[in-house]
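2 protein chains.
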Amino acid sequence: MRNDINRQWLLARRPDGIVREDHFRFIEAPIPAPAEGQVLVRNLLLSCDPHQRLLMSQDTVVPMMPLGEVVGAVGIGQVVESRRSDYRPGELVAGYFGWQDYVATDGTEWVPMHKLSPGLQPNLALSLFGITGLTAYFGVLDVGQVKAGDMFVVSGAAGATGSIAGQIAKLKGCKVIGTTGGRAKCDWLTNELGFDGVIDYRAENIGARLSALCPDGIDVFFDNVGGTVLNEALARLSLNGRVVLCGAISSYNDTTLPAGPSNYFQLVLKRGRMEGFMVLDYARRFPEAIGTLASWHAEGKLKQKEDVAIGLENAPRTFARLFTGDKLGKQLLTIADPPLARVD
Amino acid sequence: MRNDINRQWLLARRPDGIVREDHFRFIEAPIPAPAEGQVLVRNLLLSCDPHQRLLMSQDTVVPMMPLGEVVGAVGIGQVVESRRSDYRPGELVAGYFGWQDYVATDGTEWVPMHKLSPGLQPNLALSLFGITGLTAYFGVLDVGQVKAGDMFVVSGAAGATGSIAGQIAKLKGCKVIGTTGGRAKCDWLTNELGFDGVIDYRAENIGARLSALCPDGIDVFFDNVGGTVLNEALARLSLNGRVVLCGAISSYNDTTLPAGPSNYFQLVLKRGRMEGFMVLDYARRFPEAIGTLASWHAEGKLKQKEDVAIGLENAPRTFARLFTGDKLGKQLLTIADPPLARVD
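Chain order of the listed sequences is A and B.
Here the working numbering is used: the first residue of the first sequence is 1, the next is one more, and so on.
Here the working numbering is used: the first residue of the second sequence is 1, the next is one more, and so on.
Keep in mind the hints are simulated off the structure, nothing from the lab.
Mixed in with the good hints there might be a few duds.
[What the hints assert, rightly or not] What the simulated footprint calls covered on chain A by chain B, stretch by stretch (three residues with Cβ under 8 Å from a Cβ of chain B suffice, anywhere in the stretch; the number is not a length):
1) 121 to 130
2) 156 to 169
3) 241 to 250
[To be verified] Have a look at the derived ranges for each label pair, beta carbon to beta carbon:
4) A/Gln145 - B/Val308: 43 to 49 Å
5) B/Arg317 - A/Asn240: 35 to 41 Å
6) A/Lys303 - B/Ser211: 43 to 49 Å
For glycine and all other residues, C-beta sits at the position ideal for the given N, C-alpha and C.
Bound conformation, chain A alone:
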């Protein structure tokens, strides 16, 4: 890898189905010069998030990614040159840096740039203490309003957010059931993370298993998946049950909108609530959340797994792993070592 070029993955066309390399174009560009008010960041580690897939083909809370431009992604980088008085070379920063080696930015993208806390490992900054963990935290506690004794079900339970969400619910005294695909993931959830029960959606009937594991209904359903599992969970909602809508990864690769949950009317019969949220809306409370997550993590009460791929050239195929069920926990892509000594 040369240090005088900026490799970039551009979005070449709107993906149909799971992303393939030919949806993108891999180019070499000059390293940009930061303008006044900008910093030049060397990208080190990229986060793979399902929401990126939506932005490749549609508007969400932000406009979709423009064709011909660098694929958007949250990452951790190191400041190598600064034309801002509040950033110094050597500092590690998180931001919306994209699939590229270098970025010159003022940090005002929709995921705002910020410095990593002193000593914080970049991988943890993108997983437990990043969007992933914060989404689980606010989804379970604020949207889900879990309380001790609740029956809590999470879909995509072995995923980055799902695995944290389930553990937070356990810490709050819930009984926790997770749905995931494959025996290995099921075993991880029960043996390592302390889930009370698991459902392997590839091998088992979700509805029948939910009925067996949740005979009194589901108090909180934390949904990362959508589709069948959402519908089956709605059918078994308990009185005043809550559905926390976090994601719908089962449909992100569809080119047409899938059918909605036909059991939504259970929300009336059970006086339930289905609510979506965006973690960035909670930005002012991130310090509180990170403090709590850090305590739990330090006490060994919150475990997490990362699946770290290597090399910017592998960005498309690494990103595709979000949808194939091949990874466990948080999918990351490491693309460089820090060029400078870390400055905290």
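Based on these hints, arrange chain B on the given structure of chain A.
Showing chain B alone in chain A's frame:
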């Protein structure tokens, strides 16, 4: 009509589609004798409520109506004989009295028996000051959390609950749009009830009209209908928008569950909430609500229409009018005059 028999409509089989007479059986039975702790009520006026249709073929918050038994219905009656110290002959009562002339009851059915306020007209007790008006009140104010300036859309706007819901939202300073079927209903909503806009779902494209009438999105959608209008409203939800799930009358006659709202994921993108409720959960606050509704009504700020059919023999065909779009406002069925002088 003889006064020594008790005519009853029994549920003969589970309806498929809109109810027909052959789903029921019309019989003559002896007038029951009240047991200790019961009153004998002469049924005077019956309420037609969409929820009854659900209970004819499925469990909801209460078990479905048993085959071979009297069709369940809320009604107003007069106590003609009492074996309870707290009820006297001549008093008007509301309760779950069913499609029959007489009922002997202790009043503990799922819609509990209670006396009408002194002087209150029976028709108002079943419409504006009954389940209908109370559902609108708590749905708009508590579930919908409307505030001045909100864009409020209600489906089934010319119906019993919808017409009250829209007027309450207007009273709270919302801009109010209603969807209904047919020009006459549209005119009633705009000319008589002061709605800001209407959509005739039979003649117009709901989505296109919602876009035109709600260019900044929908803050609160009060849904009585389900199906297309729910899905189109979700597509246009504004940030932190609320969907108040009150009913889904478009599907009550279906024998299979219709597709759910494919746009439900807008709840994530717009950080929205979709919530169901049952008005009986608010029973402790009925006095407050009725007081407020009565003030608005007395001041001429809240109008309502009733469609009153006559004769117990016409119960099935009157009930069917809930689903054919032939009625305006609250559907009632009057079946007798009070046999005794009213005692308040």
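Hints, verified against the model:
1. A count of 0 residues in the region 121 to 130 of chain A with a Cβ less than 8 Å from any Cβ of chain B is obtained; the coverage claim is therefore unmet, three being the minimum.
2. For a cut-off of 8 Å, the count of residues in the region 156 to 169 of chain A with a CB near a CB of chain B stands at 0, and the three-residue condition is violated.
3. Counting residues of the region 241 to 250 of chain A whose C-beta sits closer than 8 Å to any C-beta of chain B gives 4, which meets the bar of three, so the coverage hint holds.
4. Separated by about 44 Å at the C-beta atoms, A/Gln145 and B/Val308 satisfy the suggested range of 43 to 49 Å.
5. Between B/Arg317 and A/Asn240 the C-beta distance comes to about 38 Å, which sits within the given range of 35 to 41 Å.
6. Checked against the hint of 43 to 49 Å, the pair A/Lys303 and B/Ser211 passes, with Cβ atoms roughly 47 Å apart.
Of the numbered hints given earlier, the model fails hints 1, 2; all others are met.
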